[in-house]
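Chains A and B, in that order, give the protein sequences. Just so you know, we're using the UniProt record's numbering here: the first sequence kicks off at 1 and counts up by one. Just so you know, we're using the UniProt record's numbering here: the second sequence kicks off at 1 and counts up by one.
If you are wondering where the hints come from, they were derived from the structure by calculation, not from laboratory data. Hints should not be assumed to be uniformly reliable.
As the list claims (entries may be wrong) - 30 Å max Cα-Cα, derived DSS-like pairs, lysine-lysine: (1) 156/B x 792/B; (2) 156/B x 159/A; (3) 218/A x 156/B; (4) 479/A x 159/A; (5) 756/B x 792/A; (6) 570/B x 792/A; (7) 785/A x 792/B; (8) 792/A x 580/B; (9) 160/A x 785/B; (10) 785/B x 785/A; (11) 154/A x 792/A; (12) 478/A x 160/A; (13) 154/B x 570/A; (14) 569/A x 570/B; (15) 479/B x 580/B.
The residues making up each chain are set out below.
There are 2 protein chains.
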Amino acid sequence: DEPPNPTLFTEMDTLQRDGDDMEWKESARWIKFEEKVEEGGERWSKPHVSTLSLHSLFELRTCLQTGTVLLDLDGYSLPQIIDDVIEKQIEDGLLKPELREKLSYVLLRKHRHQTKKPIHRSLADIGKSVSSNTGEPHRSMNDISDTPSTDQLKNKFIKKIPKDAEASNVLVGEVEFLEKPFVAFVRLLQATMLGGVTEVPVPTRFLFILLGPAGKAKSYNEIGRAIATLMVDDLFSDVAYKARDREDLIAGIDEFLDEVIVLPPGEWDPNIRIEPPKKVPSAEKRKSVFSLNEVGQMNGAAGGAGAGGGGGGSDDGEMFCGGLYLDIKRKLPWFPSDFYEGFHIQSISAILFIYLGCITNAITFGGLLGDATDNYQGVMESFLGTAMAGSMFCLFAGQPLIILSSTGPILIFEKLLFDFSNGIDYMEFRLWIGLHSALQCLILVATDASFIIKYITRFTEEGFSTLISFIFIYDAIKKMIGAFKYYPINSDFKPDYVTMYKSRVRAPRDIPGSNALNLTALDWTQLSKKECLKYGGSLVGKSCKFVPDLALMSFILFFGTYSMTLTLKKFKFSRYFPTKVRAFIADFSNVFSILLFCGVDACFGLDTPKLHIPSIIKPTRVDRGWFVFPFGKNPWWVYLASALPALLVTILIFMDQQITAVIVNRKEHKLRKAAGYHLDLFWVGILMAVCSFMGLPWYVAATVISIAHIDSLKMETETSAPGEQPQFLGVREQRVTGIIVFVLTGISVFLAPILKYIPMPVLYGVFLYMGVASLNGIQFWDRCKLFLMPAKHQPDYVFLRHVPLRRIHLFTLVQIVCLAVLWILKSTVAAIIFPVMILALILVRRLLDFIFSQHDLAWIDNIIPEKEKKKEDDKKKKKKKGNKGDSSSDEEVGTGSPGMESDYEDSDTEKAPRDMGSETTL
Amino acid sequence: DEPPNPTLFTEMDTLQRDGDDMEWKESARWIKFEEKVEEGGERWSKPHVSTLSLHSLFELRTCLQTGTVLLDLDGYSLPQIIDDVIEKQIEDGLLKPELREKLSYVLLRKHRHQTKKPIHRSLADIGKSVSSNTGEPHRSMNDISDTPSTDQLKNKFIKKIPKDAEASNVLVGEVEFLEKPFVAFVRLLQATMLGGVTEVPVPTRFLFILLGPAGKAKSYNEIGRAIATLMVDDLFSDVAYKARDREDLIAGIDEFLDEVIVLPPGEWDPNIRIEPPKKVPSAEKRKSVFSLNEVGQMNGAAGGAGAGGGGGGSDDGEMFCGGLYLDIKRKLPWFPSDFYEGFHIQSISAILFIYLGCITNAITFGGLLGDATDNYQGVMESFLGTAMAGSMFCLFAGQPLIILSSTGPILIFEKLLFDFSNGIDYMEFRLWIGLHSALQCLILVATDASFIIKYITRFTEEGFSTLISFIFIYDAIKKMIGAFKYYPINSDFKPDYVTMYKSRVRAPRDIPGSNALNLTALDWTQLSKKECLKYGGSLVGKSCKFVPDLALMSFILFFGTYSMTLTLKKFKFSRYFPTKVRAFIADFSNVFSILLFCGVDACFGLDTPKLHIPSIIKPTRVDRGWFVFPFGKNPWWVYLASALPALLVTILIFMDQQITAVIVNRKEHKLRKAAGYHLDLFWVGILMAVCSFMGLPWYVAATVISIAHIDSLKMETETSAPGEQPQFLGVREQRVTGIIVFVLTGISVFLAPILKYIPMPVLYGVFLYMGVASLNGIQFWDRCKLFLMPAKHQPDYVFLRHVPLRRIHLFTLVQIVCLAVLWILKSTVAAIIFPVMILALILVRRLLDFIFSQHDLAWIDNIIPEKEKKKEDDKKKKKKKGNKGDSSSDEEVGTGSPGMESDYEDSDTEKAPRDMGSETTL
């Protein structure tokens with residue numbers, strides 16, 4: 001309950017002989033990990049784990065047992081403190097009085113720090129200094145004065161140290177005049193600035209001095225490292241702050257020793273510097289391993305997850321529209337922040353990326369819809385609809401990170417619908433289906449039917465999102481291969497026989513008399529291919545069927561964009577350039593690759609297919625307006641009968657929407673602002689009705705683009721202590737990016753002159769990237785890869801430690817079969833029952849409960865409603881009954897439950913096993 | 001002097017309750033590193049460093065102090081041994097006699113091992129078992145019988161255990177009936193097969209038993225791990241084998257404790273499994289850190305390096321032709337093994353790779369030479385010469401790993417020579433230059449002038465090889481860009497206006513009367529481009545200048561081959577497929593990519609430029625034969641004057657040859673069969689004379705291809721203990737690959753029908769790969785990259801720890817400037833003095849001695865002749881005077897000399913700092 005101790009910054013200085021004089025030279029420093037001064041290299045080493053020798057720890061223990069320990073010394077300056085320490089030693093008979101002068105002379109020598117020199121000075125240096133031994137102007141040398149020196153103030157390292165930090169200074173060295181070591185451990189009553197002792201202007205709280213007879217410098221050094229490491233240890237620093245006497249400190253060391261991890265000398269080289277781990281056990285956890293404390297903490301975490309997921313909705317779901325009401329109640333307070341939090345540089349990249357994804361999607365689906373519906377819905381409708389539905393959704397929905405879009409399943413349905421509506425007026429029929437479906441959606445909202453998402457486990461989620469990713473990848477590649485058909489390559493072309501290749505227009509033999517035009521008067525040789533065919537002519541010659549270069553150029557653009565994006569994305573983890581530059585390049589990787597390959601395309605100037613956006617707003621078909629009138633064209637029974645196909649649409653939309661929402665709201669995304677499944681579905685229903693009236697396509701959450709949206713908005717901590725890994729903080733949850741994307745989509749009509757420079761293959765490359773990227777971090781995909789890996793090379797996934805490989809393979813196989821069935825269904829006429837099949841996925845998963853043990857499923861599928869529910873119950877009971885139920889529930893969670901461990905090999909958050917979370921989301 | 005102790009395989013079994021009965025279940029094993037049985041996963045964990053708790057080590061110490069220690073027990077079976085142990089405990093009053101039966105019952109339970117099941121059985125399993133808890137047929141259960149069971153014999157793990165290994169068995173568990181722990185440490189007089197106790201049929205030498213009261217299983221387990229880790233420690237196992245009593249063992253533990261490395265609990269998570277390091281300190285080194293012993297060892301290593309490099313040549317160099325004589329003397333004994341060692345699967349890949357490199361080189365340089373010399377030397381000459389010179393060299397030279405080839409510098413010289421020989425008969429002039437140069441080479445051989453290579457330090461070496469790599473890369477890219485010029489793309493092509501593009505032949509307006517042919521009778525429209533131009537016609541039309549698809553296709557083939565090779569090469573380090581498959585794919589990466597892209601090319605069937613090799617053997621020019629007569633065509637003074645240009649050629653050849661040889665003979669390649677600089681140069685001279693007489697190009701060692709040759713012949717240990725890194729063993733030194741490559745080159749003339757399917761862009765891709773690959777592992781290149789890295793992201797190269805970054809940058813800058821000057825020289829008319837400039841590189845390096853301290857150069861440039869010489873002297877003195885000079889020379893080498901450390905970040909051998917080696921090579 002007391003305030004936590006300040007962070008300790010520890011600096012170790014060693015006594016060096018500088019000609020006749022002596023000085024204290026900084027040799028290492030710690031915030032959390034050790035950074036050492038590389039002697040010859042005159043630089044800081046990489047932060048690393050301090051590997052100590054057991055010996056030095058024992059020697060340190062002896063030092064503290066025999067040396068002077070001054071706790072809560074009232075010191076205001078270094079000379080005074082040193083005087084006090086020496087006085088104490090003489091008092092205790094540890095030091096001969098005649099050494100007082102010599103000792104205090106040594107201890108008050110100047111301190112020389114290893115500071116970073118500004119780049120212009122170091123560049124100037126390169127030419128200047130001839131030998132590395134002449135003056136080292138970049139090392140600051142500080143006097144023991146009271147005020148911080150300019151070198152201290154200029155030191156940028158201060159940024160890495162928390163504001164409230166205090167310093168502990170370790171001074172070690174050997175001097176001739178001592179016969180036995182002079183050891184002192186001092187804690188000051190108040191943290192005090194001791195002039196130039198510390199490299200940064202941070203007040204000193206602790207001082208450890210070890211001076212000893214000559215000849216054992218290495219050993220003193222190790223003892224210094226040991227105390228420095230102890231000082232930055234969370235538990236020991238607590239002891240050091242609170243110690244009442246020497247014995248407390250000794251006990252602290254013993255506690256530390258009890259916890260240390262030992263590496264056998266034959267299996268490890270002590271010279272290897274160990275990189276800081278991604279995560280270290282917190283001091284809390286170390287304090288209380290497996291104590292009740294921890295159980296409480298775990299439950300707290302689970303509770304937090306519940307809140308994050310939109311907690312408690314199902315409890316209050318008895319009320320009509322209760323879920324919707326709660327969603328609104330929960331989301332409303334965040335509404336203002338949804339806007340101001342959107343203004344960030346990262347948003348620009350996200351907007352560009354998602355915008356390009358959206359218009360490509362709009363163009364592609366628009367084109368396909370146009371084909372499927374005889375242009376009743378075309379590119380223009382697609383653009384308008386996307387812009388309208390998307391921006392409304394992002395403005396008002398429960399989860400504004402979701403991006404609405406036409407999706408594959410909906411397209412298939414529309415196609416079947418149009419084919420089916422033979423003899424019935426399509427637009428009116430579709431309107432009624434839309435209305436019915438919208439109504440059904442609203443009923444689902446009102447009855448809180450979204451509770452079904454608790455059955456959407458990893459199995460269903462991953463099956464569905466993999467399917468969508470595959471569709472993306474498949475479409476991108478299909479489009480690319482299409483280019484080779486559309487622009488056939490003349491493989492018989494011989495450069496030397498260029499004279500043999502021509503394409504001549506031949507006039508039709510008997511010119512049809514019915515034609516009013518006087519075709520004979522035409523100059524046939526001057527006609528283009530289109531004109532020629534229009535007037536009934538035919539093309540003769542070796543080169544007629546072929547189009548040079550375009551197919552190959554398209555391929556280069558397509559593949560180039562894809563692999564460039566992939567490469568630049570990875571650049572984040574390279575060693576080149578400062579972190580910020582790399583992050584910028586990685587964040588904007590797609591923009592850079594798109595620009596680059598647009599540039600390549602422009603350089604060659606080839607007539608590759610470009611992004612063509614209609615430049616005036618009017619329906620694609622002339623015979624339709626912007627409003628569909630509901631009555632008059634079809635017989636009355638159609639209005640009622642359309643409820644049946646509407647049911648299919650509703651299932652499809654519901655599944656598509658909610659699975660995507662579950663994926664977006666995954667616990668590992670660490671969303672703060674909670675989900676709003678009911679509110680989302682409500683808006684999807686409303687927009688469905690609006691779109692139906694306007695004759696626009698229907699929109700639903702697009703899995704791949706939504707994941708891309710989330711990915712481009714991820715936040716990480718700026719690293720604090722050197723060596724500490726940046727932590728994933730969460731996603732920039734806001735409505736701005738989504739809204740701007742869709743507003744941009746809307747006004748793309750006016751951007752047509754600029755957008756027309758973007759070649760389509762580049763956009764297909766982006767599509768391919770999106771598809772492939774969204775496969776990453778899907779555990780199913782990781783498990784598929786396991787098939788190809790020999791057991792000993794498999795990554796150390798947690799589930800592999802706990803579930804036999806053959807069970808994992810079986811689970812994966814079931815998923816693969818399901819996916820294959822879905823894929824086949826999608827490609828045949830049975831596509832109409834596709835929505836029902838997705839529902840069937842949930843059923844298949846329920847059946848797996850009979851084949852797999854709950855233990856195995858806990859590890860592979862992560863969410864097990866029954867068990868979780870039980871635990872949830874237990875938790876509630878516990879809350880009421882206190883600690884009574886603990887031991888039993890604890891056993892169940894035991895060592896086998898995924899919630900306890902988080903050492904899934906790559907501990908980035910996408911891959912970390914989600915613990916439960918999902919059924920607490922409603 | 002005594003034979004080393006056998007390797008110990010340690011298995012730890014824990015007591016498990018299996019229903020009513022008990023059994024011993026294997027829970028971990030050690031050869032060098034720990035492998036743990038993953039409980040739920042039913043699999044072996046990855047080998048990892050055993051992280052122990054200090055606590056468990058102390059507890060183990062107590063156990064050995066209080067428990068029963070039986071050394072040299074004469075045991076023939078487990079029951080008897082256990083009887084003896086229990087008897088001893090009862091004797092010592094440690095155990096109540098009534099527990100005898102119970103204890104021996106427990107200790108004789110069956111042992112269940114974690115063995116790998118054959119794949120077909122595990123596949124059958126997948127479907128069978130419904131719950132993971134029903135029978136686990138893949139775990140073998142062994143009775144305590146005398147003969148090894150089939151499960152033991154079938155266990156393939158035995159392959160990982162050295163033949164002479166002995167086992168140590170650790171048995172830990174908790175039982176109800178004991179009140180205090182039952183501890184026994186047994187060493188058998190003879191290693192004995194104890195039936196099914198060990199998972200593999202390895203005789204047991206040590207047995208550690210710890211049974212204790214219930215409730216502390218975890219602690220017993222940790223103690224078991226501690227003793228197991230100790231048993232596999234080289235030093236402790238030595239103690240265990242030799243211990244006379246309990247105290248010796250305790251002392252062994254104390255020694256171990258003194259050496260352990262401690263990780264602070266706040267900076268490391270004990271749950272992280274630490275990957276085995278690439279290298280661990282050897283037991284020898286651990287025994288005698290900084291003792292005289294080690295100094296001796298170091299010198300031994302240096303001596304070894306000298307032998308590897310061709311040692312002692314310069315000492316005996318006083319004799320005329322002494323170096324040559326010694327080279328022959330040294331190489332002769334290896335001659336037979338040079339042949340039989342060549343028959344290995346790896347050779348096939350090497351041959352294919354180098355063969356393709358050679359013919360591409362031959363074609364390229366042949367073509368360029370043809371252009372440069374008006375076809376006096378063309379592709380045919382290039383092929384014949386390469387085959388002849390290469391095979392002779394590989395057959396007889398000192399270093400058969402060197403591949404001879406036309407090189408860039410020689411090509412430039414020939415070009416200049418031809419331009420210069422205006423009015424003089426080129427072939428005769430060239431013959432005389434060749435003869436003079438050959439003579440000069442032989443003089444250099446006779447005078448042992450190769451001593452100059454001791455001044456070829458990393459600076460010169462890397463400067464030169466980088467230059468050559470750049471030339472490779474530059475040429476490959478230039479050739480590729482050439483394709484775009486040669487096959488221009490019609491960027492104005494509009495697919496719709498295909499009718500507008502044609503190319504018509506127009507007959508010349510006034511047909512030249514001098515022509516005998518009746519040109520008017522020609523059907524001009526039927527002529528090809530070539531014919532048309534031949535007969536003086538011209539081409540008219542929009543498509544005449546353009547060639548479709550070829551340029552882009554070439555680019556795809558070029559870039560595809562390059563990046564595919566790169567990707568497949570990296571595949572070696574992926575997780576997929578068994579190690580052997582991956583090694584195969586990586587070794588044959590170039591073959592696979594060449595085949596793949598030949599396939600792609602064949603699929604498209606485009607008329608891409610193909611590899612065309614002349615199919616009959618005759619000189620490229622009709623007016624020359626296969627022998628150049630030395631007299632008659634030029635005035636007499638030309639015969640003498642040609643000595644001057646010959647001098648330039650000699651310098652060029654000498655430098656080119658010897659630098660490449662130094663690179664090939666680098667110490668890090670671990671060559672056993674020594675170098676032969678004099679012998680190499682001798683053959684280069686001889687071949688030069690022969691080539692001059694036959695009018696063939698001159699040949700000299702080709703840096704890039706030679707490096708590729710070495711790289712494709714590298715040998716590594718097959719991993720022994722799980723977790724141990726494969727060690728680089730050396731290079732498959734033999735003459736077979738080289739000879740076959742050149743024989744194949746020779747008969748390529750007959751392979752023309754097959755080779756004509758290989759597109760040139762694919763070969764340029766191989767070229768690019770070779771150039772880029774040979775840049776890897778060049779320290780200069782690593783240092784260049786440092787410019788782009790912020791200091792904190794720089795890899796932990798040793799030289800960065802010891803030399804200030806600005807000095808390193810300065811050194812790198814000097815190299816860059818030298819390289820730039822060389823590059824510019826190469827591209828201008830000054831190219832004629834290019835050879836002299838390479839000599840100048842050595843001079844520049846000597847000048848750097850005045851700018852850089854010897855300490856810095858020791859780290860960056862590695863070889864410092866003076867210092868090394870001094871050390872060499874010291875060594876000699878030492879040998880004579882015994883240990884007298886040690887301390888002084890030791891100080892000099894001190895902690896700052898590169899020879900001492902080898903923790904250059906990636907410790908693969910290419911990058912490891914070479915220590916000296918080079919000046920001891922002569």
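Here is what the structure says about each hint:
Taking the CA atoms of residue 156/B and residue 792/B, the gap is near 46 Å; set against the 30 Å cutoff, the hint is violated. Of the pairs offered as hints, the one joining residue 156/B and residue 159/A is violated, with about 56 Å between alpha carbons and a cut-off of 30 Å exceeded. For the hint pairing residue 218/A with residue 156/B, the CA-to-CA distance comes to about 48 Å; that exceeds 30 Å, so the pair is violated. A distance of roughly 51 Å separates the Cα atoms of residue 479/A and residue 159/A; the hinted pair therefore is violated under the 30 Å criterion.
Annotation: proposed proximity of residue 756/B to residue 792/A is violated, straight-line Cα distance about 44 Å (limit 30 Å). Pair hint residue 570/B plus residue 792/A holds up; C-alpha atoms about 19 Å apart against a cutoff of 30 Å. At roughly 35 Å between alpha-carbon atoms, residue 785/A and residue 792/B are farther apart than 30 Å, so this suggested pair is violated. Proposed proximity of residue 792/A and residue 580/B is supported: the alpha carbons are some 13 Å apart, at most 30 Å.
With a CA separation close to 27 Å, the supplied pair residue 160/A and residue 785/B stays within the 30 Å bound. For the hint linking residue 785/B to residue 785/A, the alpha-carbon distance of about 34 Å lies beyond 30 Å, and the restraint is violated. Distance check on the hinted pair: residue 154/A and residue 792/A sit about 52 Å apart at the alpha-carbon level, beyond 30 Å; violated. Between residue 478/A and residue 160/A, the direct Cα distance comes to roughly 51 Å. Violation of the 30 Å bound is thereby established for this hinted pair.
A hinted pair counts as satisfied when its Cα atoms are at most 30 Å apart, and residue 154/B with residue 570/A does not qualify at roughly 45 Å. For the hint linking residue 569/A to residue 570/B, the alpha-carbon distance of about 19 Å falls within 30 Å, and the restraint holds. The hinted pair formed by residue 479/B and residue 580/B fails the criterion: a straight-line CA distance of about 36 Å is larger than 30 Å.
Of the numbered hints listed earlier, those contradicted by the structure are 1, 2, 3, 4, 5, 7, 10, 11, 12, 13 and 15.
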